[in-house]
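S.K.: Given the sequences, and given the hints that come with them, work out the whole structure.
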Amino acid sequence: MKVKGEKSISLYLEWFLILLFSGIISLLFFISSRFVIEQQIDKYHENRNLIRNYNEKYISQLQKYIIEQAVSSKDFNKLDKWVNDKKLIYIQIKKNNEWIYFSDFSMDEIQSEDYDFFPASSDNYYNINFSDGTAQVFIMGMYSYNSYMIALIFNIIISFVLFLILTILGIRKKILYINQLSQDIEILEGGNLEYDVHVEGNDEIAALAKGLNMMKISFKNQIQQVECLTKANQEMITKISHDLRTPLTSVLLYTEILQNEKYEDKEHRQEYLDKIVKKVQYMKDLSDRILKYSTYSLEERYIPTKYISLYSALYDELSDMCYYLEKQGLKIKTNLRWKKGQIYIYEEYLIRILDNIASNILKYTDKQKTVLIWDEYFIDEMCITFENTCKSKINNTDSHNIGIQNIKMMIKEMNGSCEVIQNEEIFHICLKFRYKNN
Numbered sequence: 001m002k003v004k005g006e007k008s009i010s011l012y013l014e015w016f017l018i019l020l021f022s023g024i025i026s027l028l029f030f031i032s033s034r035f036v037i038e039q040q041i042d043k044y045h046e047n048r049n050l051i052r053n054y055n056e057k058y059i060s061q062l063q064k065y066i067i068e069q070a071v072s073s074k075d076f077n078k079l080d081k082w083v084n085d086k087k088l089i090y091i092q093i094k095k096n097n098e099w100i101y102f103s104d105f106s107m108d109e110i111q112s113e114d115y116d117f118f119p120a121s122s123d124n125y126y127n128i129n130f131s132d133g134t135a136q137v138f139i140m141g142m143y144s145y146n147s148y149m150i151a152l153i154f155n156i157i158i159s160f161v162l163f164l165i166l167t168i169l170g171i172r173k174k175i176l177y178i179n180q181l182s183q184d185i186e187i188l189e190g191g192n193l194e195y196d197v198h199v200e201g202n203d204e205i206a207a208l209a210k211g212l213n214m215m216k217i218s219f220k221n222q223i224q225q226v227e228c229l230t231k232a233n234q235e236m237i238t239k240i241s242h243d244l245r246t247p248l249t250s251v252l253l254y255t256e257i258l259q260n261e262k263y264e265d266k267e268h269r270q271e272y273l274d275k276i277v278k279k280v281q282y283m284k285d286l287s288d289r290i291l292k293y294s295t296y297s298l299e300e301r302y303i304p305t306k307y308i309s310l311y312s313a314l315y316d317e318l319s320d321m322c323y324y325l326e327k328q329g330l331k332i333k334t335n336l337r338w339k340k341g342q343i344y345i346y347e348e349y350l351i352r353i354l355d356n357i358a359s360n361i362l363k364y365t366d367k368q369k370t371v372l373i374w375d376e377y378f379i380d381e382m383c384i385t386f387e388n389t390c391k392s393k394i395n396n397t398d399s400h401n402i403g404i405q406n407i408k409m410m411i412k413e414m415n416g417s418c419e420v421i422q423n424e425e426i427f428h429i430c431l432k433f434r435y436k437n438n
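For the sequence shown, position 336 (counting from the first letter as 1) is numbered 336 according to our numbering, and the numbering increases by one without interruption.
It is worth saying that the hints were derived from the structure and are not from the lab. These numbers come from a predicted model, not from an experiment. Using N, Cα and C, we set each Cβ at its ideal position, and we do this for glycine too. Careful, some of the hints might be misleading.
[Stated by the list, open to error] The list that follows gives simulated cross-link-like pairs (lysine-lysine, DSSO-like), each with its CA atoms no further than 27 Å apart:
1) K408 x K367
2) K363 x K412
3) K391 x K367
4) K408 x K284
5) K408 x K391
6) K339 x K432
7) K173 x K216
8) K57 x K87
9) K231 x K216
[Said to hold, decoys possible] Cβ pair distances, simulated, as ranges:
10) K367 x Q225: 46 to 54 Å
11) F35 x E186: 50 to 58 Å
12) T370 x W338: 18 to 26 Å
M.R.: Following this line, the structure appears as structure tokens:
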């Protein structure tokens, strides 16, 4: 991901510039070093003693060749062969004050009198004994040629090595950066998503590093979303599973009543059966909701909250709750005025809230004391309060207060609120619903 206005440099251009720079430096080194070396070679071969030694060496070889081959001063073919073998030697032969041989010209092509010769030095003239008599030989050679060739080869090798070194140094930084990226990727593979990949430069490799950072952030966000959703689902499933306990207890209670025929008549019997069916249906709805919550995202969850008549919403559920608590041996005192109006609720949540409150009352209440239930009304709010005296020794069966957490979560999602006082003396909970008077 590139930043706006940021100039990107291609790796091709970078490497071309590295090669160009290395080539220019190497070429300049080659030219300058060659010039200096040739100057030193020329200076070295300007020594007359050195030249004389070379001349004497080759004259000695020529004299030996003439003796071995019985060469005469007119035997030009043999002289040409010797000169060609030496390659760098040039000779002229003078006999009886007449130039009779030039190693670089054929006597058939040019007359000796037409050839302008200006001898360089008397050091270059030597008397040689041919088979037909003594002749004067002028000799000269490019004795520095071998030094030039050796220096040239050495110079080319050094310049090429310099080119390689400069090129390697130029790309070394990128190689080190690629190695750094490899290490960064290994760290990310290890699960450390807090680690930032190093970003250097503005080329394709830097763009790759930026892309890795963006991918890391995106992947991290996805993991966080999955963890958040998973946690929310687990919490919701835990809460719904907890809420299944109270209706299940109620079903067992009503089933026991029917089983022991503790009902007054067939009408009461049918009433208990209806309660069992209602609770079982409610438990089925809760189990279905567990499945839905395990597959829905947070955004997909919809709570169909609406305004419902206060009496129709609360009367039956509170009656069932009070009946259930009384069957458990508790004393219930209600002060409910049932004013006309509507409250903003989701019926399933209301059932679960009342079941959780009933469960908490059973856990903490002193059965010798009375459970109080009353209502209060305000301009846009209706409150219903449950209060009981706690028993002296509380069995901490719900140490995590899942029931209270469920109540607060559900009442909040219905745009209401909840006040809880829970200590060694009392358990007091006040549910506040949005309310409007018809």
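S.K.: Give me the numbers of the hints this structure contradicts, sorted from smallest to largest.
M.R.: none
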